[in-house]
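Undergrad: Add 1 to a position in the sequence shown, counting from 1, and you land on the number used in this note's numbering.
Bear in mind the hints are in silico, worked out from the structure with no lab data behind them. Values in this document were obtained by computation on a predicted structure and should not be read as measured data. A virtual CB, placed ideally from N, CA and C, is assigned to each residue, including glycine.
DSS-like cross-link-like pairs, simulated, lysine-lysine; straight-line CA separation at most 25 Å:
| hint | residue 1 | residue 2 |
| --- | --- | --- |
| 1 | Lys350 | Lys58 |
| 2 | Lys391 | Lys358 |
| 3 | Lys549 | Lys200 |
| 4 | Lys114 | Lys142 |
| 5 | Lys167 | Lys261 |
| 6 | Lys411 | Lys384 |
| 7 | Lys549 | Lys493 |
| 8 | Lys17 | Lys114 |
| 9 | Lys471 | Lys419 |
| 10 | Lys167 | Lys520 |
| 11 | Lys391 | Lys310 |
| 12 | Lys471 | Lys506 |
| 13 | Lys425 | Lys554 |
| 14 | Lys200 | Lys228 |
| 15 | Lys114 | Lys147 |
| 16 | Lys411 | Lys534 |
| 17 | Lys549 | Lys506 |
| 18 | Lys200 | Lys506 |
| 19 | Lys384 | Lys62 |
| 20 | Lys142 | Lys228 |
Pair by pair, the computed Cβ-Cβ distance ranges are:
| hint | residue 1 | residue 2 | range |
| --- | --- | --- | --- |
| 21 | Ser462 | Leu242 | 23 to 31 Å |
| 22 | Gly432 | Glu36 | 53 to 61 Å |
| 23 | Pro311 | Ser48 | 40 to 48 Å |
| 24 | Leu309 | Gln475 | 37 to 45 Å |
| 25 | Asn356 | Asp252 | 50 to 58 Å |
| 26 | Phe50 | Thr555 | 50 to 58 Å |
| 27 | Ser48 | Gly360 | 34 to 42 Å |
| 28 | Ile18 | Leu233 | 31 to 39 Å |
| 29 | Lys310 | Leu242 | 34 to 42 Å |
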Amino acid sequence: MAGESEIKETYENGTKILEDLTNNAHELQEQMLEEILRRNAGTQYLSRFFPSGQADKQNFKTNVPIVTYEDIKPYIERIANGETSSGTSGGQQKLIPITTESFEKGCVSDEGKSLSLYFSKPDMETPSGLVASPYMTFYSKTNIFKTRLAKFCLSPIETILCLDNKQSMFCQLLTGLLQRDKVVWLASNFASVLARTIKFLEDYWRELCCNIRTGYLSDWIIDPGCKNAMSLILTRPNPELADLIQQICEDQSWEGVIKKLWPKIKYIRSVCTGSMSQYIPLLEFYGGGIPLVSPSYVSSEACFGINLKPLSNPFDVSYTFLPNTAYFEFLRVNKDGGGKAQETRTIDKPVDLANVKLGQYYEVVVTTLAGRSISIQSRDVLKVTGFYNKSPQFQFVERQNVVLSIDADKTTEEDLLKAITNAKLILEPFGIMLTAYSSYSDTSSTPGRYVLFWELKMKDSNDLPKLDVKIMEQCCCIVEESFDFTYKSLRKGGAISGLELRVVKRGSFDELMDFYISKGASISQYKPPCCLKSEEAIKILNSGMVGKFFGPKTMS
Numbered sequence: 002m003a004g005e006s007e008i009k010e011t012y013e014n015g016t017k018i019l020e021d022l023t024n025n026a027h028e029l030q031e032q033m034l035e036e037i038l039r040r041n042a043g044t045q046y047l048s049r050f051f052p053s054g055q056a057d058k059q060n061f062k063t064n065v066p067i068v069t070y071e072d073i074k075p076y077i078e079r080i081a082n083g084e085t086s087s088g089t090s091g092g093q094q095k096l097i098p099i100t101t102e103s104f105e106k107g108c109v110s111d112e113g114k115s116l117s118l119y120f121s122k123p124d125m126e127t128p129s130g131l132v133a134s135p136y137m138t139f140y141s142k143t144n145i146f147k148t149r150l151a152k153f154c155l156s157p158i159e160t161i162l163c164l165d166n167k168q169s170m171f172c173q174l175l176t177g178l179l180q181r182d183k184v185v186w187l188a189s190n191f192a193s194v195l196a197r198t199i200k201f202l203e204d205y206w207r208e209l210c211c212n213i214r215t216g217y218l219s220d221w222i223i224d225p226g227c228k229n230a231m232s233l234i235l236t237r238p239n240p241e242l243a244d245l246i247q248q249i250c251e252d253q254s255w256e257g258v259i260k261k262l263w264p265k266i267k268y269i270r271s272v273c274t275g276s277m278s279q280y281i282p283l284l285e286f287y288g289g290g291i292p293l294v295s296p297s298y299v300s301s302e303a304c305f306g307i308n309l310k311p312l313s314n315p316f317d318v319s320y321t322f323l324p325n326t327a328y329f330e331f332l333r334v335n336k337d338g339g340g341k342a343q344e345t346r347t348i349d350k351p352v353d354l355a356n357v358k359l360g361q362y363y364e365v366v367v368t369t370l371a372g373r374s375i376s377i378q379s380r381d382v383l384k385v386t387g388f389y390n391k392s393p394q395f396q397f398v399e400r401q402n403v404v405l406s407i408d409a410d411k412t413t414e415e416d417l418l419k420a421i422t423n424a425k426l427i428l429e430p431f432g433i434m435l436t437a438y439s440s441y442s443d444t445s446s447t448p449g450r451y452v453l454f455w456e457l458k459m460k461d462s463n464d465l466p467k468l469d470v471k472i473m474e475q476c477c478c479i480v481e482e483s484f485d486f487t488y489k490s491l492r493k494g495g496a497i498s499g500l501e502l503r504v505v506k507r508g509s510f511d512e513l514m515d516f517y518i519s520k521g522a523s524i525s526q527y528k529p530p531c532c533l534k535s536e537e538a539i540k541i542l543n544s545g546m547v548g549k550f551f552g553p554k555t556m557s
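My request is simple: use the sequences and hints to build the entire structure.
TA: Spelled out as C-alpha cells, the structure:
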C-alpha cells in the first residue's frame, strides 16, 4: 500500500538522519559554535568580550560569562534582528529571540492521526516593531505546521488559531469526537493542558453531545474561522454517536474514559517530566493504561533532545541530545550524599558535549543560533545515563529553582514534589486523587510557615472528598518529615511554624490558569507554578478553600 511505503520511507529517512547526527555529535557541536560566533561576534553584547576581535572557541569559553535570563533581559528587550517568541516559567511570560531556522531544527513529526490540543494568543508588537508570539502561535503559522505536521492533526487550523480558548477547545474536542475512530494519539505540549482538557470535557460533554445529535453548532461559537471549519465537519445529525458518547460520559467513574471515547488510541503524547510529573497519576487514571509518551526535552531556548524509547515509564525517560539545535555546555553538579544541587555544585569549568561522563550530574548551559550568543543556565539538573553513538543520553533529575524559603531553609521544586508524592500515598486507599497543587511561603506572621494548596477529587466521581481531619493532618506530617535536615532543624527550633494544608474546591486551579492566561501566558505553554509569588494568585486559591489543616505545633 502507498501509505505503508510512505511510512517505511519516512522511518528510514528519520533513522539515517539520527545516525548521522549522533555519530558526528562532537563535530556538529564545533560547527554550531563556529556558526554562532561567525554570525554574532559583532553584536553589541558579544563584541565587548572579544576586544582583540578574535572570536574563537577558546576566547568564547574564557571571556563570555554564563548568565540567566534576567541578566540578558535588557538586551532582549532591545533586540532588533529577528523574530521573537515567548516562553513561560511559573505562569510568567518572557521573550526569547527565535529564528525560523532555529525553530525548524527542533521539529519532529509522527505517523497517524492525532487529536492535538494547540491554542493561540494574539501577537504583540515590540517597541522596535518586531512581532512577539507565544511559541505555539508562531508554530501554528509556520509552513512546517501547515505543510507537514497539520496532516497528522485532526483539529482544523482555524480552530487552533482562534484566539478565544473556550471556543477553540470546544471545537477541537467536537472535531475529535466526530472523528473518534481516526484518533491514534492524544497530544498537547504539556500534561497540564491535558488535565485542563479533561476538566473541560467533564463540564461540556452534554453540550458536545447535543451538537452531534442535532448537527448544529452551539450559538456561542461565533469565531468566523471556527464556524467555517466546523461547517465542513459537523455536516449532519448523528444521534447514534451522541448516544454512545453520552453513555460513556454518564458513567459514574471516568477511569479509562480517554480509551473509551477514542478506542483506537495508542498513546498520550505530552511533556510529563519535571513539574508536569504531578499529572502522571491523573493521566494514567483517565487513560486507563494508555502509554504516556514524553517525546522530547525542550526549553524556550532550544530542543535539547528526543526520547528514543517512547514507551519507557515517564519517570524513567532518558533523552538523546540533538547536537544540531544549539551549542551545549555542562556544569558538573555534585549530588553525592543527597545534598541539594544548588548547595553542592563544584567549581569545575563547563565541559562540552563530548566530555560528559556516564553517571555524572550536570546543569546545562545553552547558546543558540537565534542571534544572541549568550550562555544561559537552564537550572535543570540532568544525569548522564548512557550514549547513543557519540551523543549523550540524560535523565531529568531536578530543577534547581528554590520555591519555598524561610530563614535558612531553601526548598526546591524537586524537594516539594517528592514530599507531596510521599504524602498523597495515604489518600489512595480512600479513593482520593490529588489533581493539582501549589504552595507559598507565608511570612505574614512570625515565625513563618509553608502553605500548600491541594485540589482533590474522588476516583469514582467528581465529588469533593470528605476531609477526615486526622488523615489530612497526617499528610502534613509526612510532607514535613520528607523535607531535609535544615527544614526539620529550624522547625524543631521554632524558627518555622507547622505546615498548613489548604484544600480547594474542584476547578480552583483552572481559575488560577485563567488568571495567568489573562496576564499573558499561553494555555499551550502553561506551566502551573508550584510556588506562588502573586498575591492575586494566592487570593484566587484562597477563595476556593474548603478546608485547612496543620502540622503539629512542635516537631519531634
